[in-house]
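Student: Sequence:
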Amino acid sequence: MLSKSPFPGVTGPVALIVLDGIGVSANPAALGNAVAAARKPTLERLFAGHPHILLKAHGAAVGMPADEDMGNSEVGHNAIGAGQVYAQGATLVARAIENGSLWQGSGWREIIAQIKANAASVLHLIGLFSDGNVHSHIDHLKAMLIQARAEGVQRARIHVLLDGRDVPETSALDYIEPFETFLAGLARDGLDARIASGGGRQVITMDRYEADWRMVEKGWHTHVLGEGEFFPDCATAVRALRARRPGVIDQDLPPFVIVGAEKKPIGAIQDGDAVVLFNFRGDRAIEITRAFEEARFDKFDRRRVPQVVYAGMLQYDGDLALPKRFLVSPPAIRNTLSEWLSRSGIAQFACSETQKFGHVTYFWNGNRSGKFPLETWQEIQSDRIPFEQRPWMKSAEIADALIAAMQSGQYRFLRCNFANGDMVGHTGNFCAATLAVEAVDLALSRILPVVEATGGAALITADHGNADEMFELDRTTQEARHNPDGRPRAKTAHTVNPVPLILYEPGGRFGLKALPEAGLAHLAASVAQLLGLEKHASWQPGLLDRRQETEG
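My numbering puts the sequence shown at residues 1 to 552.
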């Protein structure tokens, strides 16, 4: 049982509301700021009349290698739920490559042993092909190819998932063409390494939370079976597919397969091969991992299941041991907010739609797929249509669920995620992103009166920015960059802007401390303060400040 804190809590429920992808730009008038452009009376009223500060949600504040690295929903929810900062996937992999521990680990040694055991074996590398550093980094891919060549591997095939989401929306050739030059250099040194297949990350392979297994099925057919539209090389494929669909961005390009002179796929995966999924982030890696590793897999007909040695860059789900073999150990996150509150007998409620459900559950709980005692989770099924066509997404249903949970009186702590600002922001559609912010604002207008009526409080924040910059900006002038036709270039990646933290506590007893290094990891202790409980000793300090009580 946890001890009471000398900091007085509120009598009602405490809600932590994550406005995913809604950051705060230093230049609200900048072209492309969908947050500033949106009609959002609720948020404006909160900023005008309630305590609020800014939090860091990128770089070292969330465990990324450098402060130039944008945050993302996974590391953001890890930090919020853990109350402390852990080195994350990008940092862990970079360190393991730099100090050489990756090459000495059992995962890599088993991959190399498989290749060397059979002269016909091929090393296959599958992953997101960019330097966005959110799911993967192209430098990690290059390092593995260089090491494979040094260890005598003779053939490697790369299966590229085109980004256009964590990097500029039509930047694929900026990665493909230099990479082909890099591969040519490896060929001169004895490694036959070629791009063998690919497609947009929102079309094949990288589904998450079982939202659409058809994406994974397409990826299996493309990478494993070598089935799809044939092209002689990757750059030709991208140019041809773009010409066929003017305006298409990289993440939405259809799958393609590279063939040789005999018009046969050069990289279908065969028995005896080795496969590495070089994404380090777990959510969009679990389903393709299951397709490779589950003996009783039933999500689609795999038709042919090659007997391979398979490894992930990290273990993507420790509870489920997926995958069994991995190259770098993930962070061991302990003493999370959920675990701490569970020990105190506090019932908790978590809700989001499918696209972010794992963030308020799995990532929030320190990369654990199971619940702690007294936790209730509610998933709202996401629609399977492009987000820009329905930017309100499931904001109304999430608000319904949160309101019902608060009114039930069953829960002292509740958390939810509104995915709109992020998922619609990733489409690059400015008008849709503006509507997304407005939908979230409307949901807040319904929730806050219930917080007040139940004697509770709410902390309203975000996990990173996105909709706050929908156009690529010149950082020296804060002006939008333009395409050759004069249109501003759409930006689909996250931002490095801070995020808001608003305290809604109608009693007016508390304020917020604007600590210079305040970040997402300070939120767990802030929740404990509102509940009137001591924080865990390992957590960052809380941000609440008790106001001087006035008479009357």
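The hints are simulated quantities; they were obtained by calculation from the structure and are not laboratory data.
You may find that some hints are simply not true.
[To be verified] Below 30 Å or equal to it, Euclidean Cα-Cα: the simulated DSS-like pairs (lysine-lysine) are:
id, residue 1, residue 2
1, K299, K264
2, K263, K324
3, K371, K299
4, K371, K263
5, K371, K142
6, K324, K299
7, K299, K513
8, K264, K371
9, K263, K116
10, K116, K142
[As the list claims (entries may be wrong)] The calculated label-pair distances, taken between Cβ atoms and stated as ranges, are:
id, residue 1, residue 2, range
11, A235, R343, 52 to 60 Å
12, D383, G247, 16 to 24 Å
13, G508, R214, 21 to 29 Å
14, E294, A514, 18 to 26 Å
15, A66, G532, 19 to 27 Å
16, R109, H482, 47 to 55 Å
Cβ coordinates follow ideal geometry from the N, Cα and C atoms, glycine included.
Student: The structure should be examined with respect to each hint, and the outcome stated for every one.
Tutor: Now for the hints, and whether the structure bears them out:
Restraint check for K299 and K264: satisfied, since their Cα atoms lie roughly 28 Å apart, inside the 30 Å limit. Our distance criterion of 30 Å between C-alpha atoms is broken by K263 and K324, whose separation comes to about 35 Å. As the CA atoms of K371 and K299 are separated by approximately 24 Å, the hinted pair is consistent with the 30 Å bound. Pair hint K371 plus K263 does not hold up; C-alpha atoms about 50 Å apart against a cutoff of 30 Å.
Between the alpha carbons of K371 and K142 the distance comes to roughly 38 Å, so the proposed pair goes past 30 Å and is violated. Distance restraint check for K324 and K299: the Cα-Cα separation of roughly 20 Å lies within the 30 Å cut-off, and the hinted pair is therefore satisfied. Taken as a hint, the K299 and K513 pair is broken in the structure, with Cα atoms around 49 Å apart against an allowance of 30 Å. A distance of roughly 48 Å separates the Cα atoms of K264 and K371; the hinted pair therefore is violated under the 30 Å criterion.
Taking the CA atoms of K263 and K116, the gap is about 28 Å. The hint holds against a cut of 30 Å. The suggested pairing of K116 with K142 holds, with an alpha-carbon distance near 20 Å, which does not exceed 30 Å. Between A235 and R343 the beta carbons are some 56 Å apart, a value that agrees with the proposed interval 52 to 60 Å. A C-beta distance of roughly 22 Å is found between D383 and G247, which places it inside the suggested range of 16 to 24 Å.
Between G508 and R214 the Cβ separation comes to about 51 Å, which falls outside the hinted range of 21 to 29 Å. Between E294 and A514 the C-beta distance comes to about 49 Å, which lies outside the given range of 18 to 26 Å. Between A66 and G532 the CB atoms are about 38 Å apart, so this pair departs from the stated range of 19 to 27 Å. Taking 47 to 55 Å as the suggested C-beta distance range, the pair R109 and H482 conforms, at roughly 50 Å.
In this structure, the hints that do not hold are numbers 2, 4, 5, 7, 8, 13, 14, 15, in rising order.
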